[in-house]
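Please put together the full structure from these sequences, using the hints given.
Protein sequence lines, in the order shown, are assigned to chains A and B.
Numbering-wise, full-length UniProt numbering puts 22 at position 22 of the first sequence, and it's gapless, one number per residue.
Numbering-wise, full-length UniProt numbering puts 118 at position 118 of the second sequence, and it's gapless, one number per residue.
Simulated from the structure, these hints should not be mistaken for lab results.
Certain hints may be false.
[What the hints assert, rightly or not] Derived DEER-like restraints, expressed as beta-carbon distance ranges: (1) A/313 <-> B/123: 29 to 39 Å; (2) A/158 <-> B/219: 23 to 33 Å; (3) A/48 <-> B/10: 50 to 60 Å; (4) B/338 <-> A/120: 48 to 58 Å; (5) B/69 <-> A/103: 18 to 28 Å; (6) A/48 <-> B/102: 31 to 41 Å; (7) B/103 <-> A/107: 36 to 46 Å; (8) B/263 <-> A/48: 29 to 39 Å; (9) A/124 <-> B/293: 21 to 31 Å; (10) B/219 <-> A/73: 24 to 34 Å; (11) B/103 <-> A/296: 43 to 53 Å.
[Unchecked claim] Not close to chain A: a few residues of chain B, all C-beta gaps over 10 Å, as computed: (12) 18; (13) 173; (14) 180; (15) 276; (16) 280; (17) 353.
[To be verified] Residues from chain A that keep clear of chain B, each with C-beta distances beyond 10 Å, as calculated: (18) 42; (19) 103; (20) 162; (21) 168; (22) 248; (23) 332.
All C-beta atoms, glycine included, are put in the ideal place defined by N, C-alpha and C.
2 protein chains.
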Amino acid sequence: MSARALTAASDFFAPRADIDGLLQEFLTEKARTATVPGQAALALLLREFSDGGKRFRPLLCVAGWHAAGGQGDPAGAVRLAASIELAHACALIHDDIMDAADSRRGRATVHRQLARNHKLPSMADQFGISGAILVGDLALVWSDELLHTTPMPDAHRAAVLRCVDLARSELIAGQHLDLLVTGDLDVSVETTLTVLRYKTAKYTVERPLQVGAALAGAGHQVMDACSAYGVPLGEAFQLRDDVLGVFGDPDRTGKSRLDDLREGKCTSLIAHALRAAEPVQARRLRALIGNPRLGEHEAAEARDILTRTGARAAVEQMIEERYRQALDALAAAPFPPGVVHTLETVAEATVHRTA
Amino acid sequence: MSARALTAASDFFAPRADIDGLLQEFLTEKARTATVPGQAALALLLREFSDGGKRFRPLLCVAGWHAAGGQGDPAGAVRLAASIELAHACALIHDDIMDAADSRRGRATVHRQLARNHKLPSMADQFGISGAILVGDLALVWSDELLHTTPMPDAHRAAVLRCVDLARSELIAGQHLDLLVTGDLDVSVETTLTVLRYKTAKYTVERPLQVGAALAGAGHQVMDACSAYGVPLGEAFQLRDDVLGVFGDPDRTGKSRLDDLREGKCTSLIAHALRAAEPVQARRLRALIGNPRLGEHEAAEARDILTRTGARAAVEQMIEERYRQALDALAAAPFPPGVVHTLETVAEATVHRTA
Chain A
1 MSARALTAAS DFFAPRADID GLLQEFLTEK ARTATVPGQA ALALLLREFS
51 DGGKRFRPLL CVAGWHAAGG QGDPAGAVRL AASIELAHAC ALIHDDIMDA
101 ADSRRGRATV HRQLARNHKL PSMADQFGIS GAILVGDLAL VWSDELLHTT
151 PMPDAHRAAV LRCVDLARSE LIAGQHLDLL VTGDLDVSVE TTLTVLRYKT
201 AKYTVERPLQ VGAALAGAGH QVMDACSAYG VPLGEAFQLR DDVLGVFGDP
251 DRTGKSRLDD LREGKCTSLI AHALRAAEPV QARRLRALIG NPRLGEHEAA
301 EARDILTRTG ARAAVEQMIE ERYRQALDAL AAAPFPPGVV HTLETVAEAT
351 VHRTA
Chain B
1 MSARALTAAS DFFAPRADID GLLQEFLTEK ARTATVPGQA ALALLLREFS
51 DGGKRFRPLL CVAGWHAAGG QGDPAGAVRL AASIELAHAC ALIHDDIMDA
101 ADSRRGRATV HRQLARNHKL PSMADQFGIS GAILVGDLAL VWSDELLHTT
151 PMPDAHRAAV LRCVDLARSE LIAGQHLDLL VTGDLDVSVE TTLTVLRYKT
201 AKYTVERPLQ VGAALAGAGH QVMDACSAYG VPLGEAFQLR DDVLGVFGDP
251 DRTGKSRLDD LREGKCTSLI AHALRAAEPV QARRLRALIG NPRLGEHEAA
301 EARDILTRTG ARAAVEQMIE ERYRQALDAL AAAPFPPGVV HTLETVAEAT
351 VHRTA
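Laid out in structure tokens, this is it:
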């Protein structure tokens, strides 16, 4: 990394300590001032849950504030960023229930933790799920509290709230479409792209940037530039995840290369391969994908088909196209030069990562 | 009912058509402008779900606005009221998942509807639950959108938002405590009262009144009067529900008198009885309550024990005390006389109902 890129990266990550500190402080205070038996435990559980994660969305929120010319003390942007992170906790906790996931961020998922701590074994699983639905709801409600107590110029408030509300409803629409097509390998590449646009690209990149930008009073040009950069970059981010999930080096990603294949989710990579495959390849791929006991040998076979059908190359090309689009948008964006450079570095790191 | 009481009741219910109209219009527009496949169906599902219910909370919100001197066009209070109703839809949809309930408002619950419509039978139940978690989340997010687009004087906004956030977090704390003690018949009367204070009294009466009052710029005296009236009345409301659930006339309530006993929830009525019972009565009551196949004969036996132990009379006395407290608070409240009379009528109807 060049010295300039290092500075840009350090600018991007600089607010992380403040965001983390605010979240921990907010949730500690919730535990301290709890009035209902059991309430403090919920706050502490959310505090533990929030102690981890990449903070990509909240950091983009602060970057968006700078992109729209925000200067001086970024306390308002940091508070909004913390609000975004708590709403994301809701999404993850509810998602883990839907996926019946056992672990998250190196710990047991919330529904598993709650089940484990329940005193009546016969009711533990049901209690875990019910409790985790409530903990997710609580994260969203407290996200709102952080949002509602962020000092904002009256003239900017409507735009900030509109972006927040939109981000959340788009995520839900994307998750719902994802649920609808789960188990269906005949899904079109277009549908897989719609899922990742709503579930990831807009929610993870475009909207957090815009929320921060709106706080700084961004006009249409800045808001549009956030979209022009954020949507393709967000799509590339998820496409890279899909490739790493199958082709990544587990020593670098820290994740199994088998889970995505075993889960049988029809990513763009798979949808591409099934469309381009010879009948015999397609039959084999369908037999491999979604097999919960798929082993290393079969995974290698699936990777081979994904490569031979040209699906891997096609997705790499889609990533590259979107990366270029994001950089072009950045070159034309009315952002301060320092922010442009930061967001270039973010794009490069997002797209060309190996972990 | 006297002519004066009739006028008061009609004042209370008058905004209902506007609240219903706004909700239907808002959700129809969401379906019309949906951009993601499957999103319109979620909006229509919520529209159908919202077409029913007593609207007690939203009507209290508008009443609170009048209580604080709100005059002229109540459009803002109506919009806030609709927001409260949509957040309540989230609570009900998520609650129905937690209770594994089959029906709500005369229709299949949301998770059952979604399961029924899924094309892959093997995944239908899981899809129903996952989808209903998302539909509940969406109701909360759209409740926020209505809240965030309610025109409010800048000076009143912080108080409105604080009340809304508090109402939601208190409900969750109450639901969580309820979950924690479910299946435990050794719960104290005090704990059952804490559950109903947070899960019902504050959430259903106190906070909706205060949200509306805050919109009209209520000062401390009006806000405190809303609490002084709302908390005891809300407690009496739930205690009446508990009594009707066991002693009510099914022809009038439209509900089975067996469900509450079969479910085995430890209401104040049950907690009272177990505390006052002779050992032989307590053993019998514990054997009856929570039996999912409890019949009419056993229910009559349970009712007999609840009466003989004095539990029924004790709860009736608790209701009456709280009713008196609410009326005393109203007599001292700095509300316009018309609102005082409306809220007296509401209290009377809430506490002395047979359905």
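Structure-based check of all given hints:
Hint check: residue 313 of chain A to residue 123 of chain B, Cβ distance near 32 Å, so the stated range 29 to 39 Å holds. For the pair residue 158 of chain A and residue 219 of chain B, the beta carbons lie near 27 Å from each other, so the given range of 23 to 33 Å is met. Checking the proposed 50 to 60 Å range against residue 48 of chain A and residue 10 of chain B shows it holds: the Cβ atoms sit about 52 Å from each other. In this structure, residue 338 of chain B and residue 120 of chain A meet the distance hint of 48 to 58 Å, their C-beta atoms being roughly 51 Å apart.
A hinted range of 18 to 28 Å for the beta carbons of residue 69 of chain B and residue 103 of chain A is inconsistent with their spacing of about 54 Å. Take residue 48 of chain A and residue 102 of chain B: their Cβ atoms lie about 36 Å apart, and the range 31 to 41 Å holds. Distance hint check for residue 103 of chain B and residue 107 of chain A: the Cβ-Cβ separation is about 37 Å, which falls inside the suggested range of 36 to 46 Å. Remark: the range hint 29 to 39 Å for residue 263 of chain B to residue 48 of chain A is upheld by a beta-carbon distance near 33 Å.
Restraint check, residue 124 of chain A to residue 293 of chain B: a C-beta distance of roughly 24 Å satisfies the suggested window 21 to 31 Å. About 32 Å separates the C-beta atoms of residue 219 of chain B and residue 73 of chain A, a value consistent with the hinted range of 24 to 34 Å. The hinted range of 43 to 53 Å is satisfied by residue 103 of chain B and residue 296 of chain A, whose Cβ atoms lie roughly 48 Å apart. Under the 10 Å C-beta cut-off, the non-interface status given to residue 18 of chain B relative to chain A holds; the minimum distance is some 23 Å.
A Cβ of chain A approaches the Cβ of residue 173 of chain B within 10 Å, the least distance being about 4 Å, so the stated non-interface status is violated. Some Cβ of chain A comes within 10 Å of the Cβ of residue 180 of chain B; the nearest lies about 5 Å off, and the non-interface call is violated. The beta carbon of residue 276 of chain B sits about 24 Å from the closest Cβ of chain A, which is more than 10 Å, so the claim that it is off the interface holds. At roughly 26 Å from the closest C-beta of chain A, the C-beta of residue 280 of chain B stays outside 10 Å, upholding its exclusion from the interface.
Every CB of chain A is more than 10 Å from the CB of residue 353 of chain B (nearest about 28 Å), matching its label as outside the interface. Residue 42 of chain A, annotated as away from the interface, has a beta carbon of chain B within 10 Å; the closest lies near 6 Å. Distance check on residue 103 of chain A: its Cβ is at least 19 Å (rounded) from any Cβ of chain B, clearing the 10 Å threshold; non-interface status holds. For residue 162 of chain A, the requirement that its beta carbon stay farther than 10 Å from each beta carbon of chain B is not met, with the minimum near 7 Å.
For residue 168 of chain A, the shortest C-beta to C-beta distance to chain B comes to about 4 Å, within the 10 Å cut-off, and the non-interface label is violated. Remark: the non-interface label on residue 248 of chain A is consistent with the geometry, its nearest Cβ contact in chain B lying 27 Å away (cut-off 10 Å). Once the 10 Å rule is applied to beta carbons, residue 332 of chain A is consistent with being away from chain B; the minimum gap is 25 Å.
The earlier numbered hints that this structure contradicts are 5, 13, 14, 18, 20, 21.
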